[in-house]
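Visitor: The primary structure of each chain is shown beneath.
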Amino acid sequence: MGEITLNCDEVRELLSPYLDRELTGEEMTALGEHLDSCKECAAKSAIFGQLSKILNHWEGVQASNNAREHLSEQLRKINRETGQQDQSRPLSMLLLALLAGALLLGGLTALIVWLIETGTSG
Amino acid sequence: LAQRKEPPKSEILNVQTDEALMARVAHGRADAFEVLIDRHFNSINTFCYTFCRNRDQAEDLTQEVFLRVYRNANRYKPVAKFTTWLFRVATNLCINEAKKAKIRRTVSLDGPVGNDPDASRIVEKMATDDPGPMSLAERQEAGKLIEKAIDALPEDQRTTLVLVERQNLPYKDIAEILGVTVSAVKMRVKRARENLREVLKFMDFTE
Numbered sequence: 001m002g003e004i005t006l007n008c009d010e011v012r013e014l015l016s017p018y019l020d021r022e023l024t025g026e027e028m029t030a031l032g033e034h035l036d037s038c039k040e041c042a043a044k045s046a047i048f049g050q051l052s053k054i055l056n057h058w059e060g061v062q063a064s065n066n067a068r069e070h071l072s073e074q075l076r077k078i079n080r081e082t083g084q085q086d087q088s089r090p091l092s093m094l095l096l097a098l099l100a101g102a103l104l105l106g107g108l109t110a111l112i113v114w115l116i117e118t119g120t121s122g
Numbered sequence: 001l002a003q004r005k006e007p008p009k010s011e012i013l014n015v016q017t018d019e020a021l022m023a024r025v026a027h028g029r030a031d032a033f034e035v036l037i038d039r040h041f042n043s044i045n046t047f048c049y050t051f052c053r054n055r056d057q058a059e060d061l062t063q064e065v066f067l068r069v070y071r072n073a074n075r076y077k078p079v080a081k082f083t084t085w086l087f088r089v090a091t092n093l094c095i096n097e098a099k100k101a102k103i104r105r106t107v108s109l110d111g112p113v114g115n116d117p118d119a120s121r122i123v124e125k126m127a128t129d130d131p132g133p134m135s136l137a138e139r140q141e142a143g144k145l146i147e148k149a150i151d152a153l154p155e156d157q158r159t160t161l162v163l164v165e166r167q168n169l170p171y172k173d174i175a176e177i178l179g180v181t182v183s184a185v186k187m188r189v190k191r192a193r194e195n196l197r198e199v200l201k202f203m204d205f206t207e
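Heads up: the sequence lines are chains X and Z, in that order. Those letters in the first sequence? Residues 1 to 122, per our numbering, in order. Those letters in the second sequence? Residues 1 to 207, per our numbering, in order.
A few of these clues could be false.
Straight line, CA to CA, 25 Å or less: simulated DSS-like cross-link-like pairs of lysine-lysine [to be verified]:
(1) Z:K81 <-> Z:K148
(2) X:K53 <-> Z:K144
(3) Z:K148 <-> X:K44
(4) Z:K172 <-> Z:K81
(5) Z:K125 <-> X:K53
(6) X:K44 <-> Z:K125
(7) Z:K186 <-> Z:K172
(8) Z:K148 <-> Z:K125
(9) X:K53 <-> Z:K172
In case anyone wonders, no lab produced these hints; they're calculated from the structure.
Can you make the complete structure from the sequences, with help from the hints?
Guide: What follows is the structure in C-alpha cells.
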C-alpha cells in the first residue's frame with residue numbers, strides 16, 4: 001500500500017506546510033494519524049493554527065491616500081508624454097469617424113443624383 | 001422595446017481577471033491598470049514595508065513597482081500569474097533599494113509583546129475560534145502588535161511569511177517570486193512561525 005508512518009521530528013517539519021495545504025494526500029493521512037495519537041505534536045499543531053488565526057486579524061500596512069493619488073497622477077503624466085489614449089477615446093473616435101463617413105457618403109450620393117438629374121435634363 | 005441597460009465600463013473591468021486586465025493595459029487601456037492598482041496597492045505596500053520597515057519608503061517603493069509594471073506592460077506574458085510577476089518586480093526593486101541604502105539588517109528577537117498584559121489579552125482574543133466583535137481600538141492595537149512581531153523577524157522570514165499568510169500564495173509561486181527553492185520557502189515559513197510564536201509569547205495561554 002505504501003503507507004507512511006511519521007515520527008515526532010518528521011511531523012513537526014510538516015506542520016507548517018500542512019497549515020499551508022502543501023502536503024500530499026499520503027502525508028496528510030500520516031500526519032493526521034500521528035496527531036490523533038501524540039498529544040505533544042497535537043499541541044504544537046494547535047499553536048501553529050492559533051498563529052494563523054492571529055495573522056488573519058492583520059489587515060496589512062495601509063498605504064496613505066496620497067500615495068495612491070500620486071501614483072495615478074504619475075500615470076496620467078506618462079500617458080500624456082507617450083500619447084497613450086484614454087479609455088473612452090477609442091470609442092468616441094470611432095463614432096466620429098463613422099459620422100464623418102456617413103456625411104461624406106450622403107454628400108457624394110447627393111452630388112451623383114444632382115449630376116444625373118442635370119445630365120438628363122440637359 | 002425594453003431597453004437593455006449595459007453595466008458601466010468600470011464594472012466590466014472590475015470582474016475581469018488580473019491577466020485579462022493586463023492584456024488590456026498592454027493595448028493602451030490605462031483604466032484597466034487603475035483597477036489592478038486598486039486590487040493590489042495595499043498588498044504591495046505591505047510587502048515593501050516588510051522589506052524596509054519604513055512607511056514612507058514603502059509607499060515610494062510601491063509607486064515605483066506599479067510604474068515599472070505599467071511601463072513594461074507589453075513584456076508581460078500571460079503564462080505567468082500576474083501576481084507572481086508583480087511581486088517579483090517588487091522583490092527585485094526592494095532588494096536593489098536595500099542594497100543601495102544598506103537598510104537590510106537583522107533584528108534580534110527581543111522585546112516579546114507577551115510581557116505587556118494588555119497585549120497578551122488581545123493576542124489571546126485573536127487566537128480563539130470566535131473572538132467576537134473587536135472594537136476599533138482593539139483592531140488597531142492588534143494590527144500594531146502583529147506588525148511589531150513580524151518586524152522582529154529576520155528579513156527573509158518576514159517576506160516569506162507575508163506572502164504565505166497575507167497573499168495565500170503557494171510555495172512554488174513564492175519560490176519563483178523570491179528566487180529561491182521550494183525547500184527554502186518551506187524552511188523560512190517554519191522558522192518564521194516558530195520565531196513569531198516566541199515573540200508573541202502566546203504559548204503561555206495555550207497550555
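Visitor: Decide, hint by hint, whether the structure agrees.
Guide: Evaluated hints:
About 31 Å separates the Cα atoms of K81 (chain Z) and K148 (chain Z), which puts this hinted pair outside 25 Å; it is violated. A hinted pair counts as satisfied when its Cα atoms are at most 25 Å apart, and K53 (chain X) with K144 (chain Z) qualifies at roughly 16 Å. Our distance criterion of 25 Å between C-alpha atoms is met by K148 (chain Z) and K44 (chain X), whose separation comes to about 23 Å. In summary, the hint linking K172 (chain Z) to K81 (chain Z) is supported, as the alpha carbons are separated by about 12 Å, within the 25 Å threshold.
Proximity of K125 (chain Z) to K53 (chain X) is assessed by CA-CA distance (about 10 Å); at most 25 Å being required, the pair is judged to hold. Note on K44 (chain X) and K125 (chain Z): the hinted pairing holds, with a Cα-Cα distance of about 19 Å set against a maximum of 25 Å. Annotation: proposed proximity of K186 (chain Z) to K172 (chain Z) holds, straight-line Cα distance about 10 Å (limit 25 Å). Under the criterion of a C-alpha separation no larger than 25 Å, the hint pairing K148 (chain Z) with K125 (chain Z) is consistent with the structure, at around 17 Å.
Annotation: proposed proximity of K53 (chain X) to K172 (chain Z) holds, straight-line Cα distance about 23 Å (limit 25 Å).
Of the hints listed earlier, the one the structure fails to meet is number 1.
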